[in-house]
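With the hints as a guide, bring both chains together as one complex.
Quick note, the sequences are listed as chains A and B, same order. So the first sequence is numbered by numbering that gives the first Met the number 0: it starts at 0 and just counts up by one. So the second sequence is numbered by numbering that gives the first Met the number 0: it starts at 0 and just counts up by one.
Everything labelled a hint here was simulated from the structure, so no lab data went into it. Beta carbons are placed, not taken as given, at the ideal position from N, Cα and C, and that holds for glycine. Take every hint as true, because none was put in to throw you off.
Pairwise CB distance ranges (calculated):
#	chain 1	residue 1	chain 2	residue 2	range
1	B	Ala81	A	Gly340	40 to 50 Å
2	B	Glu119	A	Glu484	27 to 37 Å
3	B	Pro98	A	Leu483	16 to 26 Å
4	A	Gly340	B	Gly16	45 to 55 Å
5	B	Thr142	A	Leu483	18 to 28 Å
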Amino acid sequence: MKIFDLIALSARNLSRRKGRTALTVIGVAVGTCLIIVMISFGIAMNQANEAMLASWGDLTQIQVYGNGTVYYSGSGGSVAVGSAAVGGDDQPAVLNDEMIATFTKMDHVVAATPFYQAYSLNGTITAGRGDRYSSSLGNAVGVYASAMEPMGFTLASGDWMTDTGSYGRDVIPVMVCEQTGYNFEDTRKSYNSSKRYRWYGQTDAAGNLLEPFVDVNKEDMTLTLSNGDAENPKTKSWKLKVVGSINPDTAKGWWTQSSFILRIQDVKMLQEEYKDLAGSNASPYGTDTTSYDQVYVKVDDMDNVEEVDQAIQDLGFSTYSMTQQREAMQKQVSQLMLILGCLAAFSLLVAALNIINTMTMAIYERTREIGIMKVLGCALGKIRLMFLIESGFIGLIGGVTGSVVSLLISFVLNNLTLIMAVLGGSGGGGGISDMMSMMGYYGTGSAVSVVPPWLVLLALAFATLIGLVAGILPAARATKISALEAIRHE
Amino acid sequence: MAPIIRTEGLRKVYAVGKERVVALDNVDISVEKGEFCCIVGQSGSGKSTLLNQLAGLEKPTRGKVFIGRHEISAMTENELAAFRQAHLGFIFQSYNLLPSMTAAENVALPLMFKGMGRRERLALAKKELKSMGLASRVNHLPTEMSGGQQQRVGIARAFVSRPKVIFADEPTGNLDSKTSRQVLLRMLEMSKKDQITFVMVTHEPSLAACADRIITILDGRVQSDVVPPEEERLRRRQALADELARDEAEEAARAEQENAGSEAPDAPAARQTTSAADAAAK
Ligand SMILES: Nc1ncnc2c1ncn2[C@@H]1O[C@H](COP(=O)(O)OP(=O)(O)OP(=O)(O)O)[C@@H](O)[C@H]1O
Ligand SMILES: [Mg+2]
Chain A
0 MKIFDLIALS ARNLSRRKGR TALTVIGVAV GTCLIIVMIS FGIAMNQANE
50 AMLASWGDLT QIQVYGNGTV YYSGSGGSVA VGSAAVGGDD QPAVLNDEMI
100 ATFTKMDHVV AATPFYQAYS LNGTITAGRG DRYSSSLGNA VGVYASAMEP
150 MGFTLASGDW MTDTGSYGRD VIPVMVCEQT GYNFEDTRKS YNSSKRYRWY
200 GQTDAAGNLL EPFVDVNKED MTLTLSNGDA ENPKTKSWKL KVVGSINPDT
250 AKGWWTQSSF ILRIQDVKML QEEYKDLAGS NASPYGTDTT SYDQVYVKVD
300 DMDNVEEVDQ AIQDLGFSTY SMTQQREAMQ KQVSQLMLIL GCLAAFSLLV
350 AALNIINTMT MAIYERTREI GIMKVLGCAL GKIRLMFLIE SGFIGLIGGV
400 TGSVVSLLIS FVLNNLTLIM AVLGGSGGGG GISDMMSMMG YYGTGSAVSV
450 VPPWLVLLAL AFATLIGLVA GILPAARATK ISALEAIRHE
Chain B
0 MAPIIRTEGL RKVYAVGKER VVALDNVDIS VEKGEFCCIV GQSGSGKSTL
50 LNQLAGLEKP TRGKVFIGRH EISAMTENEL AAFRQAHLGF IFQSYNLLPS
100 MTAAENVALP LMFKGMGRRE RLALAKKELK SMGLASRVNH LPTEMSGGQQ
150 QRVGIARAFV SRPKVIFADE PTGNLDSKTS RQVLLRMLEM SKKDQITFVM
200 VTHEPSLAAC ADRIITILDG RVQSDVVPPE EERLRRRQAL ADELARDEAE
250 EAARAEQENA GSEAPDAPAA RQTTSAADAA AK
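Isolated chain B (complex conformation) (with noise of 0.2 Å):
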């Protein structure tokens, strides 16, 4: 089968005054369709580059890039919008919303674009939301959420019109690292449920052992590009699980400890991720 992005000999130069910063040297990768694609590397390494040219939101210097059949570094500013309204999804470290929308008009934003009604699209975004344990939320602003609240929000507006293939530049930069596992598990179902492609930059090991495929970036050129086996990989994702599920064990054991009467905000959201983790790891 094709890969769904495949590079060809890659290179970004940044000039900054008189000097050449080489972002990225003659990276040739390629993701499979409904592959879970982590990027890892150290600071500086080149990763947001690489994610960048992959999604087109920049032009490499020299080389070139494919999803699909089509090669996006060729094409015009136009093009890229109509390109990535139809097929990419994007998810970011600082989320991104609009601040002045509530949570499911966020989420409806990439079928605004598409020209869908608004009842239709505040339908489907308040369906999204509600997968991601935030149906209490839909008519809040970003500013009223907390950090793990607004990037579901954020994983929801990627998600909501099935594109081909997702980018996330730490997406669970900003948040702890339990949140971090509920969101990557999150992540991890639903393009898994509906083979979108996904492409994660991270710097947690442990969500990046996970990924179908993980690629380390170092100065600028790819260091390795791994697949772990199959066993090894479901393994990995049920010990996350696990993980997460003695975590809000113990929390919610402490909470009821703590305060009697009033339960954990969280809990309902909690037991869907711990789902959400199992149906992952299948």
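This is chain A alone, in the form it adopts within the complex (with noise of 0.2 Å):
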């Protein structure tokens, strides 16, 4: 008997009992839908945490903090910090160059850099005719020049700084940002005046933007350390060359948008230059050249990154990373899923039964029938067979009514606001917002459901499955029923 065969005799059956079979179909279909619905709002909530951890932060990089110094740093971010000492003696973890190396060299990790903050460095950057404006030493970092790009940073314009690259007798190069030039102050005009300051987004009387005082990409700048000795000043000057500029990346950090960026060869040599000058003013941090304070470290994919910030913990270091948080709300959304999927569950558990008891129904009133085809000659199996695919395709068929049941309301749900505004007037959609915030959903404006194909397919081969698991015991019992019995009555 050919499958085809067999596959259309069960088709008509099931037509030959329209009601029963849409009774039993609309079963599966709701406990198809359920789950696809409850699954759908897990995706979309663990989607907009995502979103969200992204808008705080790189989320496949790492922050490492060196011994001694404990930040927090992050909105709402905590730091684990690693107790154990390398190689189990009690010298302290030091992050320095050569650990840098090791971090590098581990799995998954792209890119790593120590970052460095100028502020301990007492000096200005200047420009202008006369050093007229003038910038803090505090805006600048330090990072490996090499490691820029790698880490993820987008050149706005010009090029990257390199470490071979010779920039002439005593120039620094440096990158800038976007609004670095709102780092510089008019040093004519008193600390109380307004008009010393330029910032970001400010505007004149008729409303224009305001530019800020120095074009870093055009203008020369000089960078000058000095003693901080009122009675003896001394001090020592480098011209600064523009070499790039960059595209700001808050996820990285707001020193993104305004800072000058250094390349930390350059910073030891500054740092070494002002213990010169400063002598026994310098201040005993931010002049360790042998170590760094903060590192960044660059995993390959969001998934590797627990696993690198434990490597890096077990040598020893306090670190930051948005997995943790991360992991808190995956765990809040599976627990959430965890009770709304045994729901759906129960759902189709209620749905099998019903398909276990037409499918009895069915064997009941085909007794007859069943008896005739095996007098001539059906084998066992073909029996068993066909009442499987009927049992298979009221899954089948639940599963795909229920998934496209399921998409109209995952539609209608995502596009409830405006719905809402079409069909009567506006502020309908409060309501299912409010709804889905509590259930731990914080986004708007994105999606509250969202079905990706996967999610689909899963949902219809787990209803036929459903189908064929439910109609396992109804088709033995039809294989078991007696040909002679069947067919000696009327």
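Here's what the structure looks like:
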């Protein structure tokens, strides 16, 4: 007997009892629909969470802190404190170039760079005629020049700095940001005068945007270190050469908007020079050239962040990464999903019982037919298969119906505000978004329910499987019917 | 020549509550290939039980049943299903057509079980139905046909796969005597044409008389096993055919008298049946 004939026979038998088949199909459809919609909520929540985390910080970046200083950073982030010491001896782990090299060699690590903030160096960056405009050196940071591109920074103009490139005697290469120019103050104005400062977005009386005092991409700038001694002032100056400018990326930090970015080797040189200039006045903080306070490690994929994070902590460092937040959020979502999923699974269980009932009834009704088929030489396996196909069909049709309905539901939920607005005035969407935020859904404007294709396929397969499993017992019963008994009586 | 059907000490006992009903006791029969064999006997004597054992629809309590070289009493259900599919055909008293299928689809069932493609098997089924005088009924459902027509569909279904043996339990039991004779002659003709062994249970002596072998059962035992002489059989078949032809002629005349405008609906089939009866008598 050909499989096609079996399928045709099953389909015909199903359509013979349309009403009952429809009822059973509805049962499966409701279950499938519930499952898809519930899972789609979970996916949407996770996506919203992910988007939110990404806006908080770079999800694939780990911040590593040197010993002695514990920073709290990011919004609501916590810092995991590693306690193990390297190699088991009591020597604390040191965050230096060798250690960064070790990080870089770890699996999944794309790049790593120290992050040095130069606020401990007493110095200024000046520009304009007579060095009228001045910015504090606190706005300068130091990184590995070669690590910038792999870390995920992007060029707005110009070029990256290189470690080997020669920029001339007493010239320090620098990269700038979109708003670096706003760091400059007009030293001719008093500290109290608002004319001394310019800030991004500031407008004049006519409402025109005000440019910063200095166009960092064009004007010459000078970096000057001073010993800070009013009686016996000593200074040393370097010319700054702007190599390029980067795009701001607040996920990596606010500093990407308005810093002067220096090469770490130049920073070290400045540290040494500052120590020479200031002598005993030099602050012990920020002048230590043998270790870093903070290092950024870039990981290839979000899923590997935890592993790398752990490895770095095992070396004895404190770290901060978004994965820690991510996991807590995912756990929350998956707990919610578990509860909703149980509900959906329960309704599918009811659907399965429904199928068993329908199939058992069908077999009672068709006892005689089964008997005839057996007497005419239909193999037992084919009879079993025929009923399994029938119950599988019920599952599949239910799955398809449920998928279509759930796609509709998902569409309606995602466009509820719009639909409400079209149907009757505005402000109708408040209810559902309130409900969603109660369920742990934060984002507004993004999707409430996300149904990826794999979810639909999975639901279809699952519904069909439910149908098949529910059909096993009735089908086995069909094969056990005595042919003789079945055909004997009218 | 070795018999195609043979039993050895066949015994069937039914347990009804604490009581035991011996439905068959020590039955040894054999049927030759191509024989048209009738099983007769009183009601409750065990005819159906015997037929069911022969066809492997039920397992004997003791004894063996052979069809050809195969001991079907020792086969598993799956083996039996395959064996039936390949070698056996069945005709039932209550027709047992599948109610959801048309005449042609019903006839094509055994071919479908054999794995034949739809177009091919429906073509064969239609041919078979045509030869049964049902060309105009191929797409009718069982409920849209008379008992006689349904039984002819049933016969077509049994013959369509040209099995080695066909079993029939009172195939004419629900039909009037004229239709019974038509159906019997048709079965006789078809089994002779293709050398198909035919085993039939019947209550009607006039039908049984036409058989090549008449086995009489009484209280579960073989009372007699007769093979009438050749001329006798031919004479009886001819008599049956003549009788049928006479009835049909009478009926046709009556119909013409009563309703000159319209023709009797079964007339073409009847004419065919008459010629079939002549053929079977030879
Ligand atoms: N399934 C069964 N359970 C118990 N007893 C049975 C069963 N089938 C048949 N019998 C008994 O076996 C005996 C023979 O029955 P069987 O049906 O073979 O008779 P039959 O000759 O075919 O009768 P009929 O001409 O009325 O069809 C009867 O006494 C009947 O009661
Ligand atoms: Mg009987």
